[in-house]
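Engineer: Assemble chain X onto chain F, guided by the hints.
2 protein chains.
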Amino acid sequence: MAKIEVCFTPDTYGVYSNNEHIVVVTDILRATSAISTALHHGAKEIIPVSTIEEARAYKKKGYLVGAERNAVQLEEFDFGNSPYSYMNDDIKGKSIVLTTTNGTRAIDLAKNSYQVVIGAFTNFDAVVDYLAASGRDILILCSGWKGRYNLEDTIYGGAITQALERKGVLTEIEDSALSAMYLYEMGMDDPYKFLMNSSHRRRLKNLNLKEDIRYCLSLNRTDVIPIYKDGKLIPLRELQLMDKK
Amino acid sequence: MAKIEVCFTPDTYGVYSNNEHIVVVTDILRATSAISTALHHGAKEIIPVSTIEEARAYKKKGYLVGAERNAVQLEEFDFGNSPYSYMNDDIKGKSIVLTTTNGTRAIDLAKNSYQVVIGAFTNFDAVVDYLAASGRDILILCSGWKGRYNLEDTIYGGAITQALERKGVLTEIEDSALSAMYLYEMGMDDPYKFLMNSSHRRRLKNLNLKEDIRYCLSLNRTDVIPIYKDGKLIPLRELQLMDKK
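Protein chains in written order, with the working numbering: chain F, 635 to 879; chain X, 635 to 879.
The shape of chain F in the complex, shown without the other chains:
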């Protein structure tokens, strides 16, 4: 008995909120893509924070800090949210603090659900397999863009819906997930082109993020599943090791 819904912006999360379902937080461009990349490349954990002030406080304490607003890295910090900046050896074993325009807020909202999973195309199959095995209801929580709906997070929700539907584990697909799936199916042959026809085209083109976007739309670069635990995002396998001890 697994139901799937998509919440298109964090502002409506209150309507969907419950403590039984798994929430997959997604911010395809680029927070959740970057988070799965950083953990794949050996970061010990990601500490998501909502404000610049919190990020600054961690920076003073000596943490590596990523901070992005309006798709641009803030200069005083170590990273923005480009996945490419989380691919170097300096991050191995380190705790990384991250604040972004949209994604970290969504994580914060969902933390009282049964479990928060960080989802992106870059860890697609791993998340699908985990959700399918869980048997739980699923909410895809899109980070959106400053409270607004966006297409890239939506098609990710649609891709997850389609994959779980094909596995035969869904008993209910709500209107939101059905719509997201339809939109994904329209764009799945060339998601890059599909997104470039969207209104974010201008924003994304202006920022010269083409390489980032292509990376964020590529499937299965990693099988790491970041899970929220006590204020941190850690790989699921670390959580499982902790539980065994």
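Identical chains share a label here; the pair holds if one copy fits it or two copies do between them.
In silico SDA-like cross-links for lysine to any residue, where the CA-CA straight-line distance does not exceed 20 angstroms:
{"#": "1", "residue 1": "844", "residue 2": "831"}
{"#": "2", "residue 1": "637", "residue 2": "781"}
{"#": "3", "residue 1": "693", "residue 2": "735"}
{"#": "4", "residue 1": "728", "residue 2": "691"}
{"#": "5", "residue 1": "780", "residue 2": "647"}
{"#": "6", "residue 1": "827", "residue 2": "806"}
Simulated from the structure, these hints should not be mistaken for lab results. Quick caveat: nothing in here was measured; it's all calculated off a predicted structure.
Structural biologist: Frame of chain F; chain X shown alone:
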């Protein structure tokens, strides 16, 4: 310079709110379809109220009152929100009070915008022509279902977007409106069948609303454009007559 966006549920209206744009409130099944029908059939005005208590107070004062919750008419009142119940001669010249699960709340939220227009497939072309002539930015405000996204209001937003795009009056189509348009285009050959595949199918089938739904999806039964003015919904032409005096 006209931009169009779709707000999928009233809960996110705050993000889109401004006092320059025209807000088209829609609740296809069935509040806004019923409102345009009632004004077409001679009702003087519709007074939307949010609560059952307000509706009851008006009833005591002798008003005709429509009240619906969970798609069912409340027994103590005169109507539910079936458009068919607003087609009889008893309503001619009368003020009708209306409260519904979703639609009246959306109207209330949007009342500080430049103008609130009531939109449905049943008054489709009239609303499109009015919006095209206005030159203003447009927000389609979907009533949704208890704070959740629904497909029927979304495809109405998509239909409006497509019609205005074809008229060449749009300079910006936001992701939300673009997605709605894509979904409308998927279902436009047979919107009834398209909706019946949605999750609301069970709710709608259970309530035996087939005739209502077919009516609510039919185009251009009227050219009346209900406009919000001082707590009431009146036909645009009445507003124009008042302005001339």
